[in-house]
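Chemist: Chain residues, written in single-letter form:
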Amino acid sequence: MDMKRSYYEDIQLLDSGTKKFWFGSLIIILLIIPFLIPGYYLHEVSYISINIIVAIGLNILVGYTGQVSLGHAGFFAIGAYAATLLVKHLPFFPFIFALIIAGLIAAAFGFILGLPSLRLEGPYLAIATLGFGMAIIQILGRFSVFGGRMGLSVPDIGFLNDLLYDSGLFTKTQSRDVNLYYIIMSITIIMALMARNLMKTRIGRAFIAIRDSDIAANSMGINLTKYKTLSFAVSAFYTGLAGGLYAFWMGFINPDSFDFILSILFLAMVVVGGLGSNIGPVLGAIIISFLNLNLQADSISAIPLLGDLLTVITENWMNKGGIASVSIIIFGLILIFIVLFEPLGLFGFWIRIKKYWKTWPF
Amino acid sequence: MIFFQLVIDGLSIGSLYALLALAMVIIYKTSEVPNFAQGEMAMVTTFVSYHLMEYYGFTFPVSFLGSLIFAAMLAVFFEFFFLRRAKEPNILNFIIITLGFERMLYGLAAWKWGADQRLYPSSFDPLPISSSDTFNFGIISVSHISLIIMSVAFVLIGGLVIFFKFTRLGIAMKATQQNLLASRINGIRTNRIMSFTWGLSAMVGAIAGMLFVPGTATPLDSNLMLAPLIKGFAAAVLGGMTTMIGPIGGGFILGIIEKFFGFYISSEFETTVSFTIIVLVLWFRPSGLFGRHYIRKV
Amino acid sequence: MIKRVLMFLVMISAGFLFEGCKKGGSEILIGQWGPQTGPAALWGSVARGTDCYFKMINDEGGINGRKLKLLIRDDGYNPARTVTEVKKMVEGDKVFAFVGGVGTAPGMAVKEYLAQNKIPWVGPAAGSTHWAYPPTKYLFSVYPLYCIEAALLIDYAVKTLNLKKIAVFYQNDDYGKVGLYGAEVAMAKHGLKLVEKVSAEITDTDLSSHALKLKNSGAEVVLLWVLPKHGATILGTAAKTGFKTQFMTSSTLSDAELMFTITKGLWKDMIVCRFSELPNSDSPLMKKYREAWKKYAPTEKWSTFFQSGFLFAETLVEGLKRAGSDLTSENFVKAMESIKDLQGTGGKMTFGPNIRQGSNTGFLTKVVSATEEKKLTDWVTSDINIDEVIKKLK
Numbered sequence: 001m002d003m004k005r006s007y008y009e010d011i012q013l014l015d016s017g018t019k020k021f022w023f024g025s026l027i028i029i030l031l032i033i034p035f036l037i038p039g040y041y042l043h044e045v046s047y048i049s050i051n052i053i054v055a056i057g058l059n060i061l062v063g064y065t066g067q068v069s070l071g072h073a074g075f076f077a078i079g080a081y082a083a084t085l086l087v088k089h090l091p092f093f094p095f096i097f098a099l100i101i102a103g104l105i106a107a108a109f110g111f112i113l114g115l116p117s118l119r120l121e122g123p124y125l126a127i128a129t130l131g132f133g134m135a136i137i138q139i140l141g142r143f144s145v146f147g148g149r150m151g152l153s154v155p156d157i158g159f160l161n162d163l164l165y166d167s168g169l170f171t172k173t174q175s176r177d178v179n180l181y182y183i184i185m186s187i188t189i190i191m192a193l194m195a196r197n198l199m200k201t202r203i204g205r206a207f208i209a210i211r212d213s214d215i216a217a218n219s220m221g222i223n224l225t226k227y228k229t230l231s232f233a234v235s236a237f238y239t240g241l242a243g244g245l246y247a248f249w250m251g252f253i254n255p256d257s258f259d260f261i262l263s264i265l266f267l268a269m270v271v272v273g274g275l276g277s278n279i280g281p282v283l284g285a286i287i288i289s290f291l292n293l294n295l296q297a298d299s300i301s302a303i304p305l306l307g308d309l310l311t312v313i314t315e316n317w318m319n320k321g322g323i324a325s326v327s328i329i330i331f332g333l334i335l336i337f338i339v340l341f342e343p344l345g346l347f348g349f350w351i352r353i354k355k356y357w358k359t360w361p362f
Numbered sequence: 001m002i003f004f005q006l007v008i009d010g011l012s013i014g015s016l017y018a019l020l021a022l023a024m025v026i027i028y029k030t031s032e033v034p035n036f037a038q039g040e041m042a043m044v045t046t047f048v049s050y051h052l053m054e055y056y057g058f059t060f061p062v063s064f065l066g067s068l069i070f071a072a073m074l075a076v077f078f079e080f081f082f083l084r085r086a087k088e089p090n091i092l093n094f095i096i097i098t099l100g101f102e103r104m105l106y107g108l109a110a111w112k113w114g115a116d117q118r119l120y121p122s123s124f125d126p127l128p129i130s131s132s133d134t135f136n137f138g139i140i141s142v143s144h145i146s147l148i149i150m151s152v153a154f155v156l157i158g159g160l161v162i163f164f165k166f167t168r169l170g171i172a173m174k175a176t177q178q179n180l181l182a183s184r185i186n187g188i189r190t191n192r193i194m195s196f197t198w199g200l201s202a203m204v205g206a207i208a209g210m211l212f213v214p215g216t217a218t219p220l221d222s223n224l225m226l227a228p229l230i231k232g233f234a235a236a237v238l239g240g241m242t243t244m245i246g247p248i249g250g251g252f253i254l255g256i257i258e259k260f261f262g263f264y265i266s267s268e269f270e271t272t273v274s275f276t277i278i279v280l281v282l283w284f285r286p287s288g289l290f291g292r293h294y295i296r297k298v
Numbered sequence: 001m002i003k004r005v006l007m008f009l010v011m012i013s014a015g016f017l018f019e020g021c022k023k024g025g026s027e028i029l030i031g032q033w034g035p036q037t038g039p040a041a042l043w044g045s046v047a048r049g050t051d052c053y054f055k056m057i058n059d060e061g062g063i064n065g066r067k068l069k070l071l072i073r074d075d076g077y078n079p080a081r082t083v084t085e086v087k088k089m090v091e092g093d094k095v096f097a098f099v100g101g102v103g104t105a106p107g108m109a110v111k112e113y114l115a116q117n118k119i120p121w122v123g124p125a126a127g128s129t130h131w132a133y134p135p136t137k138y139l140f141s142v143y144p145l146y147c148i149e150a151a152l153l154i155d156y157a158v159k160t161l162n163l164k165k166i167a168v169f170y171q172n173d174d175y176g177k178v179g180l181y182g183a184e185v186a187m188a189k190h191g192l193k194l195v196e197k198v199s200a201e202i203t204d205t206d207l208s209s210h211a212l213k214l215k216n217s218g219a220e221v222v223l224l225w226v227l228p229k230h231g232a233t234i235l236g237t238a239a240k241t242g243f244k245t246q247f248m249t250s251s252t253l254s255d256a257e258l259m260f261t262i263t264k265g266l267w268k269d270m271i272v273c274r275f276s277e278l279p280n281s282d283s284p285l286m287k288k289y290r291e292a293w294k295k296y297a298p299t300e301k302w303s304t305f306f307q308s309g310f311l312f313a314e315t316l317v318e319g320l321k322r323a324g325s326d327l328t329s330e331n332f333v334k335a336m337e338s339i340k341d342l343q344g345t346g347g348k349m350t351f352g353p354n355i356r357q358g359s360n361t362g363f364l365t366k367v368v369s370a371t372e373e374k375k376l377t378d379w380v381t382s383d384i385n386i387d388e389v390i391k392k393l394k
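Chain order of the listed sequences is A, B and C. The first sequence maps to residues 1 to 362 in the working numbering. The second sequence maps to residues 1 to 298 in the working numbering. The third sequence maps to residues 1 to 394 in the working numbering.
The set of hints was computed from the structure by calculation and includes no laboratory data. Cβ coordinates follow ideal geometry from the N, Cα and C atoms, glycine included. Please note that the accuracy of each hint is not assured.
[Said to hold, decoys possible] Which chain B residues face chain C? A few, computed with CB under 7 Å, are given here:
#: 1; residue: Q117
#: 2; residue: L119
#: 3; residue: A217
#: 4; residue: T218
#: 5; residue: P219
#: 6; residue: A227
[To be verified] According to the in silico footprint, chain C covers these stretches of chain B (three or more CB under 8 Å from chain C):
#: 7; region: 237-247
#: 8; region: 280-289
[Stated by the list, open to error] Computed spacing ranges between beta-carbons, pair by pair:
#: 9; chain 1: A; residue 1: L193; chain 2: C; residue 2: S338; range: 37 to 47 Å
#: 10; chain 1: C; residue 1: K295; chain 2: A; residue 2: L26; range: 31 to 41 Å
#: 11; chain 1: B; residue 1: I2; chain 2: C; residue 2: E220; range: 15 to 25 Å
Just chain A, with the same shape it has in the complex:
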């Protein structure tokens, strides 16, 4: 069923009936979700969706090209600030162009950061990218154009806002959420499809060749300088664009939100999801950002059985105010166990479930 007879079949976006069906149903579900769940969940879905874009972008670099980056929060910040400043100072500028320009500015920085990657690998590249991420925060915090340490408030993008409000279905706050949701979700789908396509082109195959062996790739005539920096730039473009969306989603940005921990979170999404797959980063972004938002002190003590046990332990042996920190432990354990028991990440689970379902009841 997965047999391909010609190159054109290979580059087709939706190659089988099954995929067409699922893609169609996914679109329908995503379209009607705003009518099903309350605004604050929708808001979370939008946040997760932004992270999906970052994870897809980071996956191009880490999963397909095999380069490490601990500095993607820096690109995220560049995108967020660029989009904000554009919309703020040029009110007539459509937000979508602002987003694209934000992505392109991030891509330019990605290109620059890509240059050292030609010579560095492993921990050396990790530190170089990490330093980049930290420097960006400092520079953003230094200059008053960027609002200094205090940050900037981001104007609303009123795209469908009034339309949704006038329809009478939503309140003012809800229509803002729904509007953002539709914008973010459609951009996410477009970006995901683009990434999927990119990996099937000459460029994508060059990336993969570099990951598998850059020496072999080079000797086959792949220009390492070009493709490595390109990979950084494309990845930064995705992240910068997502950063712009984040700014609109948040309504307020400050440099300290884009710290080193955020870069780790992004990396965790890709690795937990499954490196070098299309569906993996999506799953990873969903899980990690959901956990990041929802592991709370009261939700921990509400876990059946375990919650009570943890409460007892806390009261007898631990610091009384410390139970919220169990969420951090759980987060760490999830990272470790997914990598240990499923090297393919959630993508591995996905494949197994898919196989099980396809062959059921055998």
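Chain A is already provided as a structure; the job is to place chains B and C on it using the hints.
Modeler: Chains B and C alone, transformed into the frame defined by chain A:
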């Protein structure tokens, strides 16, 4: 005069970076794991030592030794139960596993000891040390603690160099890092060597952690080692992660650059500038200042 | 095909299960966010203090026959999480108002949203200028501005101690800068200039070059506008470099017991600006609070942060009482605006139709020992021009 004061301050903090970097390099050399949990391992160990003194009334030397044993056990536990279980690991998987362990330890410390800041050590009894006394030479003042830190660092570094050069265990460790398969064929139990490496590295890191608190007069809390870890890592990379001399040189250089830049130009960009310098150095010497760059051949 | 359609239906119905809203009848729901985890977890006790205060009020019979209920959500000092938690509390739990809320950045992230949704917010736990300047309808600030505190300290140093060489050691963010600019403006008023200003990043651990810079400036007074950790570090480092001078600091570092312990007594003689009564003061209100603490939260530490959770909520409770049984946002705002010279454990609170900064007073104390502080002044306020500080911040 200020110049010498800055050199002394830079050497003092640099030797702490050097110790942390050394701990990371010991692990990296044997198993190619960039250990992001090094800082938190040191932090938890420092807390254990604090706990032994504060709640069980042990003296400083006893709690110091006790927590070193704890550090070694913690690292061996981590290596045995987590790292060794990884299937077909690559460097990214290692980064994620150690980051996961870092989060775990951080959460554990925050759970056990809360967010309050503590004083560590409350006293060095029965050692005749005070955390704020200084020797004064003209207008340069060197605190007792800085002197102790520097001498401990030098002794430790010297000891480790001798250990890796002249003892059977040290040579076995070096052999393991150079060629795992060959050393196994030659009868080295590489798994056991791995455990030793982790234990050793954790102890070096823990000593750095326990010196860090009195050395910088920082109160003890669970956020203690987040920033120093990055500095230590940067020092290791600056010097080169494949040599012994690398992390030591890297640590001292980083410490001195930081102090001089912070004093003469701006304390605001202390960290940024050190990272910029590191990136520049790596551009010209991709394996660090002291590391030899191996070009992979097919 | 059937399999697929089945799957699709299952997924759709799962979507419906998401629903879930709770509503309290005889309760007044109040929300508060505060970091229980992460680098700022030290301030988590503010929210737990408010909780303790509410329990006390409830046992006294509640407010107009209704009980208070506090929802505490952990945002880990991450604005993105603050936004989602606040949205959940407003749209899901339908909280009536917010009280406290640690941090300038998390507060800024939700300020606009709360205003749009007409949710009253009393006493953000930061002395920033962003809350009440310019005033907005639903936001009532209780915490005196950091710049006022800095100005009070400068006035005291220049006028009473007659020390004119003053330096500022500040954290490089909004908190530190408001303090720095307050000090600069106050110095300009006396026709003086700061001899040195040194900034620290929140992630800095070694402050030896900072201490050396301060020492080199020959400052007779150093204002510390940093967090407790850096406060302890700079004192320890200064002692090591042989730098002895008069230090002064803001209300953020007013937990003398903590600071005295972690600095091994170097905190002695520190001059602190406070905006709430001393934790061991004998005023009837403070005594009552101490009893409440022993009764409802005996495992907590009686610290300045914990106690400030009481202080932020005092004004809110007074407003709720005055609003009467017909509790709406509009009524509450009117009730709050009627508050004049309310004496709680802080300075006297006064709000009005265009006044949203309840109090801008503080008093200075000198630390004698871990548990004892000597009052240097009575409640005082400064006459510096706040607009000038805000202009500098822009």
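Chemist: Return the numbers of the hints above that this structure violates; sort them in rising order.
Modeler: Failing hints, ascending: 7, 8, 9, 10.
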